[in-house]
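S.K.: First to last, the protein sequences are chains A and B. Just so you know, the numbering used here puts 140 at position 140 of the first sequence, and the rest follows in order with no gaps. Just so you know, the numbering used here puts 222 at position 222 of the second sequence, and the rest follows in order with no gaps.
Some clues are possibly wrong.
[What the hints assert, rightly or not] Some chain A residues judged to face chain B by a derived CB distance under 7 Å, without partners named:
1) Tyr89
2) Gly171
3) Val184
[What the hints assert, rightly or not] DEER-style ranges, computed between Cβ atoms:
4) Asp47(A) to Glu66(B): 40 to 50 Å
5) Val30(A) to Asp90(B): 50 to 60 Å
6) Lys119(A) to Glu138(B): 55 to 65 Å
To be clear, the hints were calculated from the coordinates, so they are not data collected in a lab. The beta carbon of each residue, even a glycine, is placed where N, CA and C say it ideally should be.
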Amino acid sequence: MAQAKKITLPLTDETLKDLRAGDNLLLTGVMYQGRDAAHKRIVEALDQGRPLPIDLKGQTIFFMGPSPARPGKPIGAAGPTTSIRMDSYSPRLIAEGLKGMIGKGMRTKPVKDAMVKYKAIYMAAIGGAGALLSKSIKKAEVVAYEDLGPEALRRLEVKDFPVTVINDIYGGDLYEEGKAKYQVKA
Amino acid sequence: MAILSEKSVIDKQFLKEQMSLLLREKCYTTISPDVIYLMKKSYEEETSDSAKEMLKTMIGNVRMAENRKKPVCQSPGFPTVYIRWGKGTDIAGLKDILKEEIVNDTKDGFLRPSMVHPRTRKNTGDNSGVGVPNMELEYDPALDFMEILISFKGCGAELGNAIKIFTPAQIGKEAKGIKEFVIDTVIKAGGKPCPPIALGIGIGGQMDIAAKLSRRAVSVRKWTDHNPDPEIARMEEEILGMINQLGIGPGGVGGKTTALAVRYLPSSGELSLLGCKEGWDENLSHWEDRVSF
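Here chain A stands alone, though its shape is the one from the complex:
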C-alpha cells in the first residue's frame, strides 16, 4: 500500500490539487467535530443571517459523536458516523468555504457536485476503529452547542490522524472505483 501523505490542517486549495481518491493521509492540526444536530444549527444560523460560532472557511469537519472521556484523556472512543446523515446540510457548508469532511459511507450527488464546484474533499476514517482513532486526538474542547452533549461542536487538535480520500476535487470517487475493481463480473 502506498505510503500515507502527511498533511497539515487547515487544508488549502494548493494542497487539495495534489490529492486524489484513494490517497491515504495522516492529518495534523486543527479540525472540528460535529454531526447531525450541530449541522442543523449551523444551517439555521446561516438561513437567519446570524453569525456562526466558527469560521468555516478552509476548515475540516469530522462527523463524529464521542463516548465520554476518561479522566486525564481528551476524548473517548471517536470513530466516524455515517456521513449521509449530513447530506442535507453539507452542500450549504461547502458553499460557505468548508474544505474537508471526514466520515464513513457514500455521499449523495448534491454533496459530490458541491465538492467539485467549490473544491472540497470527503475523506473516510475507519468505521469501527473508535478506540484507535481517539489516540490521534490530542485535545478536544467544546466551542458551541454544549447542550447537545456528544453532538456539541468541538475543536480537535489531531496528530497523524489516519484517513483515506474518497472524493477528490476532480470528481474521483474511491467507493465507485474500489467496487468496480473488485467486483466479480457475472
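Given chain A, work out where chain B should sit, using these hints.
M.R.: Leaving out everything else, chain B in the frame of chain A:
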C-alpha cells in the same frame, strides 16, 4: 453475550453482578470471538492491500479496547435484550437492573449518552428513556435456566436496512425476487454500515415480525455456525457468496470481504415480507460485535 444460570432461584444481587460483568467485560470493550475469527480469516483471504489494512486496523482496534478497557466503538446504538427463561426462574426486576446498569455505565464512560426525546430531540444524558432497553421475552416452561443476550447495534447500520412486502409472484422461482432485493439493499448500503457486515434476513409473518426476526437473526446466532436446516444453510451460503462478489469490501474501499455472515430467519406467513438488516456495528456498532458489536 449470554449468561446461563443453573440456580433455580436467582437473587437480584447475583443478577445485578452478572449483568455488570456481562456488559463491561463482554459488550462494550470487546467483540465476540466468532466475529474476530471471521475477520482474521478474511484478512488472510483478501487480495487488496487497502482491504487488508482496513481489517488489520479493525482487529487492532478491538485489541486496544480490550487492553485499555475502552469502548470498541463510540456508538452504543440501541440496546435490545433477548431473554429466555423457564418455570424455575424469575425475571422480575431484570428490566430495572438493566436500566440501572446502562445508566451507571454511561456515567462511568463506557457508553455515549445517545438517547434523545422523541419529539424535542433533547439528550437524556445517561441513556435512560422510554423503551430503553428493548426486551424480547421468550418463556418456555421446560427451560431449567435463564438466558440473557444483550445486543447493542449501532444506528449507522440501521441506515442500510430495508423492508419489502412481496406477493408470492414477486418471490419468484427459488426466491429470486428476495435475493435480488437483498443484493440491491447491500449495494445501496455500501460503506455506510461499516463493512464487513453480517446480514440478518427476516422472512414471513407480517411486517413487524419480519423486522424483529431480522435483528434476532444477526444477534442470537454465532456468525460461524451452520444453520441446522440444510435448505436454509444453503440459502445463507449462496447469498453470502453473492454479496462478496459485489466488490464493496471492508470500509467500502473495495475488496472481497463485504459480509462475514448471512443469517436467515423465516416464519410462516400468508404474505411474505422481507426485513433486511445490516449488522456489524455491534457492540457498539457495526462489525464490532454482534451479539453485537
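S.K.: Tell me, which hint numbers fail for this structure?
M.R.: The structure breaks hints 1, 2; every other hint is satisfied.
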